[in-house]
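**Student:** Sequences are here, hints too, so could you generate the full structure?
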Amino acid sequence: MLSRRYTRVRLAQLSEPFGLPHPDSPTNLVRPTKTRAEQSAASRRQIALAEAQLAMKTKDQL
Numbered sequence: 001m002l003s004r005r006y007t008r009v010r011l012a013q014l015s016e017p018f019g020l021p022h023p024d025s026p027t028n029l030v031r032p033t034k035t036r037a038e039q040s041a042a043s044r045r046q047i048a049l050a051e052a053q054l055a056m057k058t059k060d061q062l
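Using this note's numbering, the first residue of the sequence shown is number 1, and each one after it goes up by one.
Hint data in this document are derived by calculation from the structure and do not stem from the laboratory.
In this text the structure is predicted, and so the values were computed from the model without any measurement.
Please note that the accuracy of each hint is not assured.
[Unchecked claim] Pairs of lysine to any residue, SDA-like flavour, derived with a Cα cap of 25 angstroms:
{"hint": "1", "residue 1": "K34", "residue 2": "Q53"}
{"hint": "2", "residue 1": "K34", "residue 2": "A50"}
{"hint": "3", "residue 1": "K34", "residue 2": "A55"}
{"hint": "4", "residue 1": "K34", "residue 2": "E51"}
{"hint": "5", "residue 1": "K34", "residue 2": "A12"}
[Stated by the list, open to error] Label-pair restraints from in silico Cβ distances:
{"hint": "6", "residue 1": "A41", "residue 2": "P21", "range": "13 to 23 angstroms"}
{"hint": "7", "residue 1": "Q53", "residue 2": "F18", "range": "27 to 37 angstroms"}
{"hint": "8", "residue 1": "T7", "residue 2": "R31", "range": "13 to 23 angstroms"}
Here a beta-carbon is modelled for each residue, glycine too, at the ideal position from N, C-alpha and C.
**Tutor:** As structure tokens, this is what we get:
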């Protein structure tokens, strides 16, 4: 999910480095993560913490 914000890399390109079996696998993982973030304050806090730890600008801010 954060890769979409912080890189210009397509999710399908991340399959191999992360050992996922199929190029569609990352997309299939993002959907439930987005749903969880929309429904859970704890998930949103975890995402915010990860972004703070990255301390990076998003691709749109570059």
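**Student:** Now look at each hint and say whether the structure bears it out.
**Tutor:** Taking the hints in turn, this is what the structure says about them:
no. : hint                          : verdict
1   : K34 - Q53                     : holds (20 angstroms)
2   : K34 - A50                     : holds (15 angstroms)
3   : K34 - A55                     : holds (21 angstroms)
4   : K34 - E51                     : holds (15 angstroms)
5   : K34 - A12                     : holds (17 angstroms)
6   : A41 - P21: 13 to 23 angstroms : violated (33 angstroms)
7   : Q53 - F18: 27 to 37 angstroms : violated (19 angstroms)
8   : T7 - R31: 13 to 23 angstroms  : holds (19 angstroms)
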